[in-house]
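Undergrad: Chains as they are written, first to last, in our numbering: chain R, 1 to 162; chain D, 1001 to 1337.
The set of hints was computed from the structure by calculation and includes no laboratory data.
Be careful, since some hints might not be right.
[What the hints assert, rightly or not] 25 angstroms max Cα-Cα, derived SDA-like pairs, lysine to any residue:
(1) Lys-138/R to Phe-1106/D
(2) Lys-1048/D to Thr-1135/D
(3) Lys-138/R to Arg-1136/D
(4) Lys-1211/D to Pro-72/R
(5) Lys-1211/D to Gly-73/R
(6) Lys-92/R to Asp-1231/D
(7) Lys-138/R to Val-1157/D
(8) Lys-92/R to Leu-1142/D
(9) Lys-1316/D to Pro-72/R
(10) Lys-1213/D to Arg-48/R
(11) Lys-6/R to Arg-39/R
(12) Lys-1210/D to Pro-72/R
(13) Lys-1211/D to Phe-1106/D
(14) Lys-1210/D to Gly-73/R
(15) Lys-92/R to Trp-1041/D
(16) Lys-1211/D to Pro-1223/D
(17) Lys-92/R to Leu-1234/D
(18) Lys-1316/D to Gly-61/R
(19) Lys-92/R to Ala-1276/D
(20) Lys-138/R to Leu-1312/D
(21) Lys-92/R to Asp-1284/D
(22) Lys-92/R to Ala-1283/D
(23) Lys-1213/D to Ile-1197/D
(24) Lys-138/R to Ile-1100/D
(25) Lys-6/R to Phe-1106/D
(26) Lys-92/R to Ile-1100/D
(27) Lys-92/R to Gln-130/R
(28) Lys-1210/D to Asp-50/R
(29) Lys-1213/D to Tyr-77/R
(30) Lys-1213/D to His-71/R
(31) Lys-92/R to Ile-1280/D
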Amino acid sequence: MSEAEKFNPVIVGFLCNWCSYRAADLAGTSRMGYPATLRDIRIMCTGRLDPTFVLRALQGGADGVLIMGCHPGQCHYQEGNYKAIRRFALLKRVLQQLGLEEERVQLHWASAAQGLLFAETVSRMTRQIQALGPLDWKHNWPNEEPFMLLQPYLHEEVAHGR
Amino acid sequence: MADKPKLALYWASSCGGCEIAVLGLHEKILDVAAAFDIVFWPCVIDIKYADVEAMAPGSIDVCLFNGAIRNDENARMAHILREKSKVLIAFGACACGGAIPGLANFSSREEMFEWIYFQSPTTENAARVFPQRHTRVDEGELELPAFWNTVKSLSQVVPVDYYLPGCPPEVQSIELAVQALVTGELPPSGAVIGLNIAVCDECPRERKDKKIKRFYRPQEIIPNPDECLLDQGLYCAGVATRAGCNARCPQVGIGCRGCYGPLDGVYDHGARLLSAIASIIDADTAEDVEAVLETLPDPAGYFYRYYLPQSLLRRKARENGQKKSAAEKKPAAAVAD
Ligand code: SF4
Ligand code: SF4
Ligand code: SF4
Ligand code: FES
């Protein structure tokens, strides 16, 4: 398969403002090449990352989620990335029980100076997701009820109109 | 008499516990009977589906609907009762979030049929007999409702006016709802009728927000009667679950399992529980965290015990990417359509 025909995954990136987001900037300004698969969202710290964000991204059509923050010990809020480590470990187990492949949600570290590491991480994850194929989560619940809707619901006029 | 508001009760995919909960109002049930004209309640009065179908749209004032939606029959009754009812209330955790029947969303229909009709150790079924959608008998053709692959909550099938969570809702919660209905002092449409504080806020156990090195299962330790169960390493969902039950489970030494669901503004109960539980782990490296998590088997089963269908991901993946269900055999497709 040629490069152009390959499936182009959508990876949602949650990047810590103080490190990985700057690493992404550095990768950009230094013109390091990496696939345009990442839709990055800046967060103030990986400790801010609510697992709901990850689930929402997957449900909304992302093929993968990449969380990146400051190296352990270097979080600007002391504890934030330790919180992220704990949540991520638990989230990984839950997602595995829900049938998601491990590579789809990843946590990595990159300091503001590690533009190259950032670019490599995105490239590697892109290849991994390409190998897995699209997630297509919506396909998990095709409309199963073949049922007639009776008349339009009275609901609106009657219950809410009073 | 004719002026009394009309009340309907129905069970879809339900264990019957919610019906018992209504009967559990004891003598207060008489107040309900005095305040309402009960027009449909298959558990208690002799009435057929055709009788409800014949009712005029909007002619039922309030319908308490319990049970999840897992087959065509459940969905059909949900649609009919929605059409006939001015106010439709999702009654109990199953109707609100899918709850226990919704745990089936951790498997596929094929896996379930395979296990139930062929593989389970107590089953002998060499002839591979299993339910069919249509069966011909001398008297004519019998039809079974189609069994869905994915269990849904009531509101995923029809619009719902109010929610009354709990497995089953406690008497005091039902009373709250009945009172609101009788007086007409209802919260805004779409609201949960009940409190918006956590089980912890009603729990008498003392919380110190300790960090823990391991989890225990209920059979492994005898908890201290006064201290928070979570602080002692016993999984308790009270931290991120709506109050209303008066902390019924922690009061007797069992961790909350989350049947009252998430608080206002939280869509994914499981994700919220996940965050709360992760925050008490006393470990800083991935390896140490993994070691602690080894003592918490089946985390998804804990976090999504009652609200898996009503969560962001709703079910286990059926087919992702290139793994498309090549592995899924279809022994039971006949019941599924
Ligand atoms: S909410 Fe609980 S008691 Fe009610 S039907 Fe479901 S499982 Fe039974
Ligand atoms: S035992 Fe459960 S409900 Fe009670 S304080 Fe602890 S976590 Fe909260
Ligand atoms: S303590 Fe939790 S599981 Fe027990 S009844 Fe209350 S909300 Fe439900
Ligand atoms: S500030 Fe970067 S991970 Fe906390």
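Undergrad: Work down the list of hints and note, for each, if the structure agrees.
TA: Hint by hint, here is what the structure shows:
no., hint, in the structure
1, Lys-138/R to Phe-1106/D, "16 angstroms, holds"
2, Lys-1048/D to Thr-1135/D, "23 angstroms, holds"
3, Lys-138/R to Arg-1136/D, "37 angstroms, violated"
4, Lys-1211/D to Pro-72/R, "19 angstroms, holds"
5, Lys-1211/D to Gly-73/R, "19 angstroms, holds"
6, Lys-92/R to Asp-1231/D, "24 angstroms, holds"
7, Lys-138/R to Val-1157/D, "16 angstroms, holds"
8, Lys-92/R to Leu-1142/D, "46 angstroms, violated"
9, Lys-1316/D to Pro-72/R, "32 angstroms, violated"
10, Lys-1213/D to Arg-48/R, "23 angstroms, holds"
11, Lys-6/R to Arg-39/R, "18 angstroms, holds"
12, Lys-1210/D to Pro-72/R, "22 angstroms, holds"
13, Lys-1211/D to Phe-1106/D, "30 angstroms, violated"
14, Lys-1210/D to Gly-73/R, "22 angstroms, holds"
15, Lys-92/R to Trp-1041/D, "44 angstroms, violated"
16, Lys-1211/D to Pro-1223/D, "16 angstroms, holds"
17, Lys-92/R to Leu-1234/D, "21 angstroms, holds"
18, Lys-1316/D to Gly-61/R, "16 angstroms, holds"
19, Lys-92/R to Ala-1276/D, "15 angstroms, holds"
20, Lys-138/R to Leu-1312/D, "11 angstroms, holds"
21, Lys-92/R to Asp-1284/D, "16 angstroms, holds"
22, Lys-92/R to Ala-1283/D, "16 angstroms, holds"
23, Lys-1213/D to Ile-1197/D, "28 angstroms, violated"
24, Lys-138/R to Ile-1100/D, "23 angstroms, holds"
25, Lys-6/R to Phe-1106/D, "31 angstroms, violated"
26, Lys-92/R to Ile-1100/D, "23 angstroms, holds"
27, Lys-92/R to Gln-130/R, "20 angstroms, holds"
28, Lys-1210/D to Asp-50/R, "21 angstroms, holds"
29, Lys-1213/D to Tyr-77/R, "23 angstroms, holds"
30, Lys-1213/D to His-71/R, "23 angstroms, holds"
31, Lys-92/R to Ile-1280/D, "17 angstroms, holds"
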